[in-house]
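Colleague: Protein chains in written order, with the numbering used here: chain E, 1 to 303; chain V, 1 to 505; chain H, 1 to 293.
If you're looking for bench data, these hints aren't it; they were derived computationally from the structure.
Wrong hints could be hidden among the right ones.
To be verified - Far from chain E by the CB rule (all over 10 Å, computed), these chain V residues:
(1) Met97
(2) Gly180
(3) Val202
(4) Arg233
(5) Phe355
(6) Lys430
(7) Asp437
(8) Val466
(9) Gln481
What the hints assert, rightly or not - Listed next, the stretches of chain V that the computed footprint assigns to chain E, with coverage defined by at least 3 CB atoms under 8 Å from CB atoms of chain E:
(10) 114 to 125
(11) 142 to 149
(12) 310 to 316
Here a beta-carbon is modelled for each residue, glycine too, at the ideal position from N, C-alpha and C.
Chain residues, written in single-letter form:
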Amino acid sequence: MTLRGRERGVAYLFLSPWALGFLAFTAGPMVVSLVLSFTDYQVLDPGSTTWVGTGNYRRALDDPVLAHSLRVTLLYAALAVPADLVLGLVLALVLNARARGMALFRTAVFLPVMIAGAAGGSVAVALLWLWIFQPRFGLLNHLLSLVGLPPQLWVYSTRLVVPSLALMSLWGVGRSMLIYLAALQRLPTDVLWAAQLDGAGPWRRFARVTLPLISPALFFNLVLDLIYALQTFTQAYVVTDGGPGDSSLFYMLYLYRNAFTYFDMGYASALAWLLFALTLALTVLVFRSARSWVFYEGSPAGR
Amino acid sequence: MHRRSELDQWLSECATRPISRRQFVERALKLGLSVPAAAALLAACGDSDDAGTTGQSAPTTARAGTLQGRVQILVGFGTGNAPAQVPVQEALAQAFMTENPGVTIEFLRVPSEARTKLTTLIAGGEPPDIVMPAGLYGISLFVDQDVWLDLGPMAERDGISLDAFLPETAAAAQVTNYFGSDAAGIVGLPVGVHDHALAYNVGLFEKAGVAPPPSDWSDASWSLEGRFLESARALTVDGAGRNPGDSGFDAGGIVQFGVGHFFREGVFYGFGGHLYDAGSKKAQFDLPGSIAGIQFAADLVNRHRVQPGTTEVASLGAGASKGNEEQFAWRAGKLAMIDMCSCDIKSPYGTDVPFEWKAAAMPAGPARRFAFLNLDVGALVKAGRNHELAWQVLKYFAVDPVAERRLAYESYGAVPPLKVNRDAFVTGIKADLPAVDPQVWINGFPSASPENESWFPAFAEVNDLVGKTFDQIIGGTAASQAMPALQQAAQAKIDEWFRTNTLPD
Amino acid sequence: MTAPTAVAPRHHQLAVARRWRLAVVYGVALSGSLFAVVPVLWMLSTALKADDVVFSVPPQLVPTDPAWSNFRTATELIPFWRYTANSALVAGVGAVGTVLSAALVAYALARLRAPGMRVVLALVLATIMLPQQVLLVSQFLIFKELGWYGTYLPLIVPSFLGGGAFNIFLLRQFFLTLPPELDQAALVDGASHLRIFWRVILPQSVPALLAVGLLDFTSKWNDFLGPLIYLNRTEDYTLPLGLASFQDLYNTSWNYLMAGTLLALVPCVVVFALGQRLLARGFAGRGAPGLTS
Numbered sequence: 001m002t003l004r005g006r007e008r009g010v011a012y013l014f015l016s017p018w019a020l021g022f023l024a025f026t027a028g029p030m031v032v033s034l035v036l037s038f039t040d041y042q043v044l045d046p047g048s049t050t051w052v053g054t055g056n057y058r059r060a061l062d063d064p065v066l067a068h069s070l071r072v073t074l075l076y077a078a079l080a081v082p083a084d085l086v087l088g089l090v091l092a093l094v095l096n097a098r099a100r101g102m103a104l105f106r107t108a109v110f111l112p113v114m115i116a117g118a119a120g121g122s123v124a125v126a127l128l129w130l131w132i133f134q135p136r137f138g139l140l141n142h143l144l145s146l147v148g149l150p151p152q153l154w155v156y157s158t159r160l161v162v163p164s165l166a167l168m169s170l171w172g173v174g175r176s177m178l179i180y181l182a183a184l185q186r187l188p189t190d191v192l193w194a195a196q197l198d199g200a201g202p203w204r205r206f207a208r209v210t211l212p213l214i215s216p217a218l219f220f221n222l223v224l225d226l227i228y229a230l231q232t233f234t235q236a237y238v239v240t241d242g243g244p245g246d247s248s249l250f251y252m253l254y255l256y257r258n259a260f261t262y263f264d265m266g267y268a269s270a271l272a273w274l275l276f277a278l279t280l281a282l283t284v285l286v287f288r289s290a291r292s293w294v295f296y297e298g299s300p301a302g303r
Numbered sequence: 001m002h003r004r005s006e007l008d009q010w011l012s013e014c015a016t017r018p019i020s021r022r023q024f025v026e027r028a029l030k031l032g033l034s035v036p037a038a039a040a041l042l043a044a045c046g047d048s049d050d051a052g053t054t055g056q057s058a059p060t061t062a063r064a065g066t067l068q069g070r071v072q073i074l075v076g077f078g079t080g081n082a083p084a085q086v087p088v089q090e091a092l093a094q095a096f097m098t099e100n101p102g103v104t105i106e107f108l109r110v111p112s113e114a115r116t117k118l119t120t121l122i123a124g125g126e127p128p129d130i131v132m133p134a135g136l137y138g139i140s141l142f143v144d145q146d147v148w149l150d151l152g153p154m155a156e157r158d159g160i161s162l163d164a165f166l167p168e169t170a171a172a173a174q175v176t177n178y179f180g181s182d183a184a185g186i187v188g189l190p191v192g193v194h195d196h197a198l199a200y201n202v203g204l205f206e207k208a209g210v211a212p213p214p215s216d217w218s219d220a221s222w223s224l225e226g227r228f229l230e231s232a233r234a235l236t237v238d239g240a241g242r243n244p245g246d247s248g249f250d251a252g253g254i255v256q257f258g259v260g261h262f263f264r265e266g267v268f269y270g271f272g273g274h275l276y277d278a279g280s281k282k283a284q285f286d287l288p289g290s291i292a293g294i295q296f297a298a299d300l301v302n303r304h305r306v307q308p309g310t311t312e313v314a315s316l317g318a319g320a321s322k323g324n325e326e327q328f329a330w331r332a333g334k335l336a337m338i339d340m341c342s343c344d345i346k347s348p349y350g351t352d353v354p355f356e357w358k359a360a361a362m363p364a365g366p367a368r369r370f371a372f373l374n375l376d377v378g379a380l381v382k383a384g385r386n387h388e389l390a391w392q393v394l395k396y397f398a399v400d401p402v403a404e405r406r407l408a409y410e411s412y413g414a415v416p417p418l419k420v421n422r423d424a425f426v427t428g429i430k431a432d433l434p435a436v437d438p439q440v441w442i443n444g445f446p447s448a449s450p451e452n453e454s455w456f457p458a459f460a461e462v463n464d465l466v467g468k469t470f471d472q473i474i475g476g477t478a479a480s481q482a483m484p485a486l487q488q489a490a491q492a493k494i495d496e497w498f499r500t501n502t503l504p505d
Numbered sequence: 001m002t003a004p005t006a007v008a009p010r011h012h013q014l015a016v017a018r019r020w021r022l023a024v025v026y027g028v029a030l031s032g033s034l035f036a037v038v039p040v041l042w043m044l045s046t047a048l049k050a051d052d053v054v055f056s057v058p059p060q061l062v063p064t065d066p067a068w069s070n071f072r073t074a075t076e077l078i079p080f081w082r083y084t085a086n087s088a089l090v091a092g093v094g095a096v097g098t099v100l101s102a103a104l105v106a107y108a109l110a111r112l113r114a115p116g117m118r119v120v121l122a123l124v125l126a127t128i129m130l131p132q133q134v135l136l137v138s139q140f141l142i143f144k145e146l147g148w149y150g151t152y153l154p155l156i157v158p159s160f161l162g163g164g165a166f167n168i169f170l171l172r173q174f175f176l177t178l179p180p181e182l183d184q185a186a187l188v189d190g191a192s193h194l195r196i197f198w199r200v201i202l203p204q205s206v207p208a209l210l211a212v213g214l215l216d217f218t219s220k221w222n223d224f225l226g227p228l229i230y231l232n233r234t235e236d237y238t239l240p241l242g243l244a245s246f247q248d249l250y251n252t253s254w255n256y257l258m259a260g261t262l263l264a265l266v267p268c269v270v271v272f273a274l275g276q277r278l279l280a281r282g283f284a285g286r287g288a289p290g291l292t293s
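Please construct the entire structure, taking both the sequences and the accompanying hints into account.
Modeller: Structure, rendered in structure tokens:
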């Protein structure tokens with residue numbers, strides 16, 4: 001067997017666990033949901049399903065509630081994603097320093113990530129952030145009053161609810177911070193030394209050396225943050241349930257309602273695939289742009 | 001042995017003079033009789049209480065030992081999973097299994113998201129047999145998905161009449177909008193019921209020199225637009241002690257509200273508002289009563305300023321989660337009158353409250369006096385595998401007097417729906433919380449209605465629309481503007497439902 | 001050749017600059033940590049409140065009579081330790097499976113050439129782009145047909161089959177940053193790809209592997225929906241399900257809920273702290289401090 005042939009065989013071998021899982025548990029359901037999106041499948045009454053062709057998709061395009069939920073979701077993404085990327089990087093850079101107690105700080109910042117998923121946790125997270133956002137006794141308004149600013153309504157305000165939820169999501173910055181940290185740990189220090197010897201100041205070193213070298217981590221966080229932001233569900237469901245009114249009705253919340261409250265799984269599937277298309281489009285854009293700013297050392301095609 | 005002699009004495013008493021069902025039940029509990037044994041004794045003693053019979057005496061012992069199989073009960077559509085509630089359910093199940101060794105009863109406890117779990121289980125082919133307790137709202141969400149088995153035929157066969165239950169619960173369990181008013185369809189057997197009454201802060205009323213709300217539900221002077229509104233006004237004060245309507249009243253600085261935690265839907269119904277009429281298949285949001293009702297609810301907040309709006313609620317309730325801000329305000333003495341469900345008596349609304357509070361009747365609207373009725377039923381899943389066995393188990397929990405009493409009051413903390421057990425709530429609360437008068441809630445049942453959780457076509461979607469519209473109206477939009485739009489949108493959904501579904505005959 | 005006097009001010013400058021940098025570092029670290037931790041402290045404060053005090057007005061930030069016994073009561077009201085053991089099993093075994101299989105797949109995607117790799121990468125990402133809710137019923141049916149309903153298998157086995165797109169993608173990105181010279185040297189020496197993977201790549205990737213392991217452990221530890229759907233016996237439940245039973249339709253025991261949630265945190269914190277230790281060990285010898293900024 002040729003070297004190439006051997007490489008191919010090994011590649012497929014290494015991929016086999018994923019392939020097995022994908023074929024067994026994911027591919028089928030994905031195809032099924034795509035097919036269902038062309039029907040009026042009622043999840044508890046499969047016998048009554050009829051083909052509606054593009055009916056669900058046409059309905060989606062005309063659905064004002066859907067359009068509104070998309071606006072809500074995009075606004076949230078536009079706020080939460082850049083904030084998380086930047087804050088995570090800043091924290092990672094700072095907490096990577098060799099100074100006393102950094103391990104403690106790192107654990108502290110990661111603590112919210114350890115709580116955020118728990119059901120006792122998501123209820124607990126909702127509760128404690130509602131306390132932080134509380135107009136009269138809450139922490140945030142208290143802080144504002146200390147600097148002389150007027151109190152805000154936060155999640156009780158139709159204007160501020162989405163930014164408030166974005167702020168709340170920043171509490172989980174430990175996840176992206178951890179990824180940046182892993183990348184920073186691997187920085188080739190010889191390049192940095194060389195830069196410093198050449199007289200490059202700290203900002204130069206950062207912008208010209210560090211940042212490009214950790215660009216894969218940045219890229220990763222960007223792509224994942226974007227995908228997850230578009231699929232935001234738990235905060236909306238537990239903290240505001242779409243309120244006040246519909247001002248925090250996220251796309252996924254509307255989808256969930258269609259699937260499990262109205263039992264209209266056909267329409268929900270169509271909504272899921274529409275979101276998929278949108279996410280795919282945005283991700284492809286990011287990937288395309290990546291060629292100009294993401295720097296890999298060790299990829300076969302340099303990509 | 002002490003028990004034995006008491007038992008003998010009792011049996012001889014039974015033989016010589018009739019013993020009322022109520023006395024029987026009390027005695028049985030005191031003696032700690034096992035449930036099937038009590039049922040057998042009941043049959044032996046016969047009953048002289050004409051307060052309604054179950055139509056049969058010992059559902060389990062009649063077929064003892066012949067039942068086989070496994071029954072899974074899904075708990076999670078409401079209450080039932082709190083650590084304090086579990087032991088009673090387990091004990092009752094154990095008693096049944098002891099009498100019927102071939103039967104296994106399993107509880108599938110779903111701590112949250114029961115709707116998603118039930119949907120997945122049914123769609124995935126692993127349905128539970130019984131869902132109990134299931135709040136009527138949760139039941140209504142699934143009614144037109146053909147999820148619940150109509151218990152009418154089996155009830156008729158076994159001689160179980162809904163007359164054994166409190167009339168309001170029986171009516172709710174029949175889902176007349178779905179099965180039709182002539183039909184004998186039953187969506188589930190009642191296993192626990194709550195209703196709502198008014199609770200007021202005694203001290204605040206005394207301080208303001210206002211006559212307290214009456215506990216008499218037939219008091220005609222206690223009306224929404226009359227004495228209730230006047231009292232609320234007198235009990236709403238701003239920082240300088242002024243009432244709404246006084247010159248210089250500071251609407252932005254109200255420190256105490258006359259009424260809070262008071263549901264707009266209740267006012268809506270009191271004015272004659274309705275959601276749906278089965279005869280005409282029409283939504284009822286354009287009725288004069290519907291419009292006037294929701295408008296008055298909004299006026300309480302915006303015009304009369306006696307009830308806090310959302311922003312004021314958020315400010316009043318400190319450190320509490322959404323839904324609990326008013327509880328906070330009530331406990332802080334900032335709300336003079338609240339709507340208190342019988343389920344709230346043992347919650348922070350009613351327990352360890354730092355002031356004296358009393359229960360009163362709900363005020364009457366121009367059309368009717370309305371209080372919410374929250375019913376829990378035990379329902380059978382149609383997709384379940386062993387309907388007959390599940391039915392036997394359900395009958396035991398819901399119809400057997402001793403079991404039902406324990407389940408409804410001790411475990412769920414509710415009023416037992418069986419007429420024969422209707423005193424259990426009063427005796428229980430009087431024993432647990434002597435300062436509370438539970439009779440007020442019992443007296444409220446004739447005024448209580450489950451309309452807000454009863455199924456009608458496009459139930460979930462229309463309810464969402466209603467919620468949003470009511471939010472708008474409370475927020476300031478005129479009801480005369482918003483309600484016609486709601487009527488149109490709701491009717492569209494209802495018509496759509498009739499296009500794609502049919503009612504059972 | 002610079003005069004001696006010119007050297008001393010340079011050192012002084014460096015020292016001052018160093019102190020400033022340290023101040024900034026500690027400043028940011030402290031604010032970030034406070035932002036993260038203050039809400040947790042509030043959870044602690046709620047956990048320590050007795051039943052009647054939880055909703056007192058004004059809210060007590062530091063309970064006057066801390067009820068440390070709430071922690072013990074929380075573990076007694078529900079089978080807390082049993083649930084902890086269950087969670088440990090699912091999260092621990094799952095995290096190990098994830099790290100191993102995701103690394104394997106990611107290595108192939110990053111280093112090996114074969115037709116269809118791009119397609120595979122696209123599919124991997126596609127699986128996270130589609131909201132999982134619509135797959136719930138179909139996946140349930142599959143697991144049910146396999147006879148896995150009511151067991152931990154639906155929660156653990158997928159970890160060994162790739163471990164999820166997030167982890168594969170993360171490790172793939174990471175492997176791309178490793179210099180190809182390492183592989184090539186080994187290849188020239190005649191090593192098989194498996195050997196390269198095991199002996200060369202993995203040891204270089206400890207920080208990333210740890211990150212994946214920690215994130216996966218945490219996410220499985222806190223997973224609510226998976227156990228909710230696939231478990232049907234209370235004794236099998238994991239911690240999130242157990243904690244949710246403190247919340248009822250009419251009543252929530254906030255104090256026990258918070259106490260339980262905080263206790264449930266402890267294993268995650270321990271795992272994270274241990275992971276940090278390993279991370280730090282990998283850090284030693286990596287270069288002079290302060291160069292990363």
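Colleague: Compare the structure with the hints numbered earlier in the document and write down the numbers of the violated ones, lowest to highest.
Modeller: none
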